[in-house]
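Between the sequences and the hints, there should be enough to build the whole structure, so can you do that?
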Amino acid sequence: MRILKDISVSAVLAGFVAVLVGFSSSVAIVFHAADALMLSDSIKISWIVALGIGMATTGFCLSLYYRAPVVTAWSTPGAALLATSLEGASYPEAIGAFIFSALLMVLVGVTGMFNRLVALIPLPIACAMLAGILLQFGLSIFTSLQSEMLMVVTMTLGYLLSKKVYPRYAILVVLFIGFAYLVLDNDVVFNNPSFTIGALIWTSPEWNLGAILGVGLPLFLVTMSSQNIPGAAVLKVNGYQVPASSLVGWTGVASMVLAPFGGYAISLAAITAAICTGDESHPDKTKRYVAGLSAGLFYLLAAVFASSIVVLFASLPIEMVAALAGLALLGTIGNNIRTALDPEETREAALITFLMTASGASLFGIASAFWGIVFGVICLIIQKKWR
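Residue numbers (this note's numbering): 1 to 387.
Errors might be hidden in some of the hints.
[Stated by the list, open to error] Simulated pairs of lysine-lysine, DSSO-like, Cα-Cα distance not exceeding 30 angstroms:
#, residue 1, residue 2
1, Lys384, Lys236
2, Lys5, Lys163
3, Lys285, Lys5
4, Lys163, Lys285
5, Lys236, Lys287
6, Lys164, Lys5
7, Lys236, Lys163
8, Lys285, Lys236
9, Lys164, Lys287
10, Lys5, Lys384
11, Lys285, Lys164
12, Lys5, Lys287
13, Lys164, Lys236
14, Lys163, Lys287
[As the list claims (entries may be wrong)] Each pair of labels, with its calculated beta carbon distance range:
#, residue 1, residue 2, range
15, Lys5, Asp41, 38 to 48 angstroms
16, Ser90, Leu157, 47 to 57 angstroms
17, Leu120, Arg347, 16 to 26 angstroms
These aren't lab readings, by the way, just hints derived from the structure by calculation.
Heads up, the beta-carbon is just placed ideally off N, CA and C, and yes, glycines get one too.
This is the structure:
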């Protein structure tokens with residue numbers, strides 16, 4: 001089988017790191033969204049199980065079919081939106097809004113509208129946007145020094161040394177150093193872990209126009225602008241010619257099926273996808289799809305043992321996760337900045353895109369990544385018009 005020949009430790013590890021970063025960095029936001037509806041612990045776990053199954057099936061199947069590292073994720077900006085917009089809505093009404101948002105994603109995918117949108121974005125602009133998104137993760141390596149200097153310095157030195165000797169396994173070394181530090185310095189994290197299997201809990205939707213327009217429509221817009229557009233850009237800038245509309249359509253189908261269990265929005269991943277699509281995953285880009293398969297399997301494990309995994313990931317120091325993500329993305333950040341700023345004729349537009357995206361400024365409730373592209377493209381149009 002081709003998959004067996006293509007499997008590599010670095011690609012499997014990239015998938016694991018993507019899941020580790022994805023869960024530990026934003027599971028608290030998902031729980032915060034659930035808290036806005038005053039849900040029980042069992043239903044909160046159902047959310048994580050549903051989202052894990054959705055990410056596992058879409059990521060694994062799409063990576064296998066397209067032979068590309070297609071990584072999917074829950075919509076973290078969507079969770080942040082839900083945490084502030086669900087007040088006054090019942091849980092069944094929220095489920096109805098989730099299904100409406102998913103239907104819109106299916107519609108955008110089936111009609112091919114998303115393909116046409118992505119095709120309009122020049123490569124330097126896409127790279128600048130991705131670099132702007134990832135910049136904060138690179139900076140987090142150094143901001144983490146303030147509270148965990150020894151751990152972060154040790155992880156960084158391990159990364160730099162292993163990049164010279166065994167570049168494909170640099171992140172494995174970093175991961176080992178991080179967990180070794182925890183074992184030696186903070187054994188509470190691994191003290192008597194128990195593994196409990198999570199369960200799905202069905203809730204029938206109710207249709208409320210206010211919830212549909214006030215929650216469902218914004219959830220769709222935020223997920224598209226903050227997750228799907230950057231996620232498609234990650235694949236594009238790494239040379240993967242996959243039909244973006246099809247990917248979005250299938251994530252919409254998964255979201256629709258899993259919404260009654262709490263799977264509020266499955267989308268294309270951006271940050272965690274960058275971990276799987278870079279050179280650190282595998283020098284041969286045709287074999288990086290294994291990282292997508294790996295991420296899918298690890299997400300499935302996380303779904304099965306949701307209650308235990310959530311507790312474990314929540315216990316990891318923020319500084320460790322930040323340093324691990326930043327070091328894993330270091331090469332990707334550098335490559336995208338170089339590609340974005342290399343062509344002189346698009347340099348200024350790319351710089352505007354980069355700065356706008358990196359600013360994190362949200363305008364009219366839409367994330368900075370979307371506005372980065374808009375401002376960059378407008379700059380290109382003006383420059384071409386007055387040349």
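Each hint, compared with the structure:
no. : hint                                 : result
1   : Lys384 to Lys236                     : holds (24 angstroms)
2   : Lys5 to Lys163                       : holds (24 angstroms)
3   : Lys285 to Lys5                       : holds (14 angstroms)
4   : Lys163 to Lys285                     : holds (19 angstroms)
5   : Lys236 to Lys287                     : holds (16 angstroms)
6   : Lys164 to Lys5                       : holds (26 angstroms)
7   : Lys236 to Lys163                     : holds (26 angstroms)
8   : Lys285 to Lys236                     : holds (13 angstroms)
9   : Lys164 to Lys287                     : holds (22 angstroms)
10  : Lys5 to Lys384                       : violated (48 angstroms)
11  : Lys285 to Lys164                     : holds (21 angstroms)
12  : Lys5 to Lys287                       : holds (9 angstroms)
13  : Lys164 to Lys236                     : holds (28 angstroms)
14  : Lys163 to Lys287                     : holds (20 angstroms)
15  : Lys5 to Asp41: 38 to 48 angstroms    : holds (44 angstroms)
16  : Ser90 to Leu157: 47 to 57 angstroms  : holds (53 angstroms)
17  : Leu120 to Arg347: 16 to 26 angstroms : holds (20 angstroms)
Checked against the numbered hints given earlier, the structure breaks only hint 10 and satisfies all the rest.
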